[in-house]
Amino acid sequence: MPLWDRIRRSQVWKSIFRHPPPVDRPNRVKVVLTNLILHLHPVAMPKHGLRLRFTWCMGGITFFLFLVEVVTGVLLMFYYRPTIQWAYHDMLALRDVVSYGILREVHRWGAHAMVITAMLHMLRVFLTGSYKPPREFNWVIGVLLLALTLLLSFTGYLLPWDQLSMWAVTVGSNMVGAAPLVGHEGPASWVTDQSDLRYVLLGARSVGEEALLRFYVLHCVALPLLAAFLMALHFWRIRKDGGISGPL
Amino acid sequence: MTPDIAEHLTRVAPLLAAFHAACSAMNVAAGGYAWRGRRRGEALAWLGAAIVFLGLAVGAWAGRPPQLPAMAKAGIDAVLGPATLFLGSLALLTVLYLGRRFFTAPPVGLAALNASLLLFGLSLADPVFASLVAKPDHVPIVGMIYLLGFVTWIAAYQAVENDRRTAAGRGPVEKTYAEKVLVWPDLVYIELIAMVLVSALLIAWSLLLAAPLEQPAHPSVTPNPSKAPWYFLGLQELLLYADAWYVGFVVPCLILFGLIALPYLDVNPKGNGYYTIDAQRRKYLVFMFGFLMLWVLPILVGTFLRGPNWSFFGLYEPRDPQKMAMHVNVTLSEYFWEWGLGRPRPEVDPHAGAWLRMGQAMWREMPGLAVLAAYFVALPLLLRRTLFKTARLAMGRCRYWIAMGLLLLMLTLPLKMLLRWTLHLSYIVSMPEFLLNF
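Chains S and B, in that order, are what the protein sequence lines are.
Just so you know, the numbering used here puts 186 at position 185 of the first sequence, and the rest follows in order with no gaps.
Just so you know, the numbering used here puts 930 at position 42 of the second sequence, and the rest follows in order with no gaps.
It cannot be assumed that every hint is accurate.
Here are the computed distance ranges between Cβ atoms for each label pair [unchecked claim]:
hint : chain 1 : residue 1 : chain 2 : residue 2 : range
1    : S       : F236      : B       : E1102     : 20 to 30 angstroms
2    : B       : V1069     : S       : L227      : 44 to 54 angstroms
3    : B       : P957      : S       : L227      : 51 to 61 angstroms
4    : S       : L53       : B       : V1021     : 25 to 35 angstroms
5    : B       : E1102     : S       : A233      : 30 to 40 angstroms
6    : S       : A205      : B       : M1083     : 38 to 48 angstroms
7    : S       : A205      : B       : A917      : 55 to 65 angstroms
No more than 30 angstroms apart at the CA atoms, straight line, and that leaves these computed lysine-lysine pairs for DSSO-like [claimed, not checked]:
hint : chain 1 : residue 1 : chain 2 : residue 2
8    : S       : K31       : S       : K241
9    : B       : K1211     : S       : K241
10   : B       : K1171     : B       : K1158
11   : S       : K31       : B       : K961
12   : B       : K1023     : S       : K31
13   : B       : K1158     : S       : K241
14   : B       : K1158     : S       : K48
15   : S       : K241      : B       : K1115
16   : B       : K1063     : S       : K48
17   : B       : K1171     : S       : K241
18   : B       : K1063     : B       : K1158
19   : B       : K961      : B       : K1158
20   : B       : K1068     : S       : K48
21   : B       : K1063     : B       : K961
22   : B       : K961      : B       : K1211
23   : S       : K241      : S       : K48
24   : B       : K1115     : B       : K1211
25   : B       : K1023     : B       : K1171
26   : B       : K1277     : S       : K48
27   : B       : K1063     : B       : K1171
28   : B       : K1023     : B       : K1211
29   : B       : K1277     : B       : K1158
30   : B       : K1023     : B       : K1115
31   : S       : K48       : S       : K31
32   : B       : K961      : B       : K1068
33   : S       : K31       : S       : K15
Keep in mind that the hints were calculated from the coordinates and are not lab data.
Glycine included, each C-beta is placed from N, C-alpha and C at the ideal position.
Using the sequences and the hints, build the whole thing.
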């Protein structure tokens, strides 16, 4: 008996994969139903959903880029300390000392790409009218996910703690400080510069060590968890709302 | 030729040779494809384009990268400006929209791609242009321009095809692919290939281009200009035309709210699940105007064309930190009282109580408030009985007023731009006493 067949008939293999390889129809159905990752998919789908000119593959690529960001992000966390004493030093070390030093590059370019693919995915969903009933609520989740993608990118932008990142976040957070009612420089303001929305975001009146720590926690813990939850909901709702959209 | 330009040319020559050669190869492929499809004339055209690009590649390889004549560059820069760019883009998009049956023909699309690649390649020989597009954080945005152009084109291509079929009484193309296929293997293999390609692209990109790292953060050294991350640069660019409370906070909230509300405001059941323009013309125009003209275009201007002091620079113009544009802008109440009625504006007594000051400021800003009331209340009431009569009936009162509010709020941005460019109008309502300028 060839080695490959022996492996396939072993108790270990059969305990992991409950059915024969997906080479015939019944087992191609089973493989999707019994595999945790694959069961995000339906078993069968209309053929137009395979056409790249219909989907542009943008939603899938966005999700894949999110996974790339999670993996490279976790690896980066091994090297990075979110304090003003060390953050910039750790950037230099990542560039000059760490082996295979393209971690930060993959993370940064992946983030830019993810913002772009998320926008294009939304454009595709709009142009095909896929947000229409019964998929209205999934579109809403998608809008929130796009906003989260921008916030994830924005919070990550500060972490290198160089001039580019600090001043970009200063420009962004000053806009928040001008919000009506809840910004101290905004119209009808009823807060001070120590109690407005910008202070909540930065933990101080300007971008400093408090902001660095806040953005780090938001970037590495809070926002990714929220995004992962909404993504699960997004994919689940695709299935529950009748799969990929198509003409009736 | 100054030494730094000569040095730049030697540096980019191999890159440009590869770029033009790739363009040439693309045209050879297109020509071969057309030839096999028995479209001989078209094949010859692409072959001609391939020869032109090959000639440029050889020139670059020989150390003399072809470039745009200085006069052309000066001409382009002289024409470029915030107003001409906005109005020019709007005119271009309008032409593309009206002529979509012509422009979505594949040969026309490829010709447009060739023209843009030619202009891009020739411009790369210019050191200023090259430094703009080769800045590490700008590279993805250049990619986005081409990607966005391509997907908008292919979406319009399919929409035109579907609209033609619908007019002939047949269903959209998507309907002819309704048969069911199994996800394994058909979809999972596409996903696998996509993952491999994206990974390869990302790794190659990361090997070629280092992530930027500038000087360590210093709270007292402000870079000139300080720019937000690129996806917020559109908002930063719009700060020129409205105050931060509106552009930096209200507008993002409105974008979010408007996008979330979209499926609930849209009562048109047609165009669900296939590309179409004719079945949703108004919505298509509003969405594309908002996305391309008010989100993408300001991002591009803010990224590529704004330099020190947030001054506007051309594509080939060196970034001179001394350049400073001074504008004297006038509020609507100044126009009304001083220029129109020929007398000083009513004053606000700084020692009066808050309500009295508010009343005095409102009296001074009365013309602006009247304009806003007419715009936000009278105009929707009028449109409800005229242009949007059927829409109003289909949507019902609640949907109509929310949709009109969002539409009119969105249009405040281009209207404020136009008023700024033509009348140098700064604010329609200006109450600095209450930090409220609009």
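Quick rundown of the hints versus the structure:
1. S/F236 with B/E1102: 20 to 30 angstroms: At 39 angstroms between Cβs, range violated.
2. B/V1069 with S/L227: 44 to 54 angstroms: At 34 angstroms between Cβs, range violated.
3. B/P957 with S/L227: 51 to 61 angstroms: 54 angstroms, holds
4. S/L53 with B/V1021: 25 to 35 angstroms: With Cβ atoms ~27 angstroms apart, the hint holds.
5. B/E1102 with S/A233: 30 to 40 angstroms: For B/E1102 and S/A233 the Cβ distance comes to about 38 angstroms; the hint holds.
6. S/A205 with B/M1083: 38 to 48 angstroms: Once the Cβ atoms are compared, 42 angstroms apart, the range 38 to 48 angstroms for B/M1083 and S/A205 holds.
7. S/A205 with B/A917: 55 to 65 angstroms: 57 angstroms, holds
8. S/K31 with S/K241: Judged against 30 angstroms, a Cα distance of about 20 angstroms means the pair holds.
9. B/K1211 with S/K241: 58 angstroms, violated
10. B/K1171 with B/K1158: Holds: B/K1171 and B/K1158 sit about 12 angstroms apart, inside 30 angstroms.
11. S/K31 with B/K961: 62 angstroms, violated
12. B/K1023 with S/K31: Violated: B/K1023 and S/K31 sit about 49 angstroms apart, past 30 angstroms.
13. B/K1158 with S/K241: 22 angstroms, holds
14. B/K1158 with S/K48: With Cα atoms ~21 angstroms apart, B/K1158 and S/K48 stay inside 30 angstroms; holds.
15. S/K241 with B/K1115: Violated. S/K241 to B/K1115 sits at ~43 angstroms, over the 30 angstroms cutoff.
16. B/K1063 with S/K48: 9 angstroms, holds
17. B/K1171 with S/K241: Judged against 30 angstroms, a Cα distance of about 27 angstroms means the pair holds.
18. B/K1063 with B/K1158: 14 angstroms, holds
19. B/K961 with B/K1158: 47 angstroms, violated
20. B/K1068 with S/K48: 6 angstroms, holds
21. B/K1063 with B/K961: 49 angstroms, violated
22. B/K961 with B/K1211: 19 angstroms, holds
23. S/K241 with S/K48: Status holds; Cα separation ~19 angstroms.
24. B/K1115 with B/K1211: Within the cut-off at roughly 17 angstroms; holds.
25. B/K1023 with B/K1171: Violated. B/K1023 to B/K1171 sits at ~36 angstroms, over the 30 angstroms cutoff.
26. B/K1277 with S/K48: Between B/K1277 and S/K48 the Cα gap is close to 40 angstroms, so the pair fails against 30 angstroms, i.e. violated.
27. B/K1063 with B/K1171: 23 angstroms, holds
28. B/K1023 with B/K1211: 22 angstroms, holds
29. B/K1277 with B/K1158: This hinted pair holds, its Cα atoms lying about 19 angstroms apart.
30. B/K1023 with B/K1115: The hint holds at about 14 angstroms.
31. S/K48 with S/K31: 20 angstroms, holds
32. B/K961 with B/K1068: 54 angstroms, violated
33. S/K31 with S/K15: Cα-Cα ~14 angstroms, so holds.
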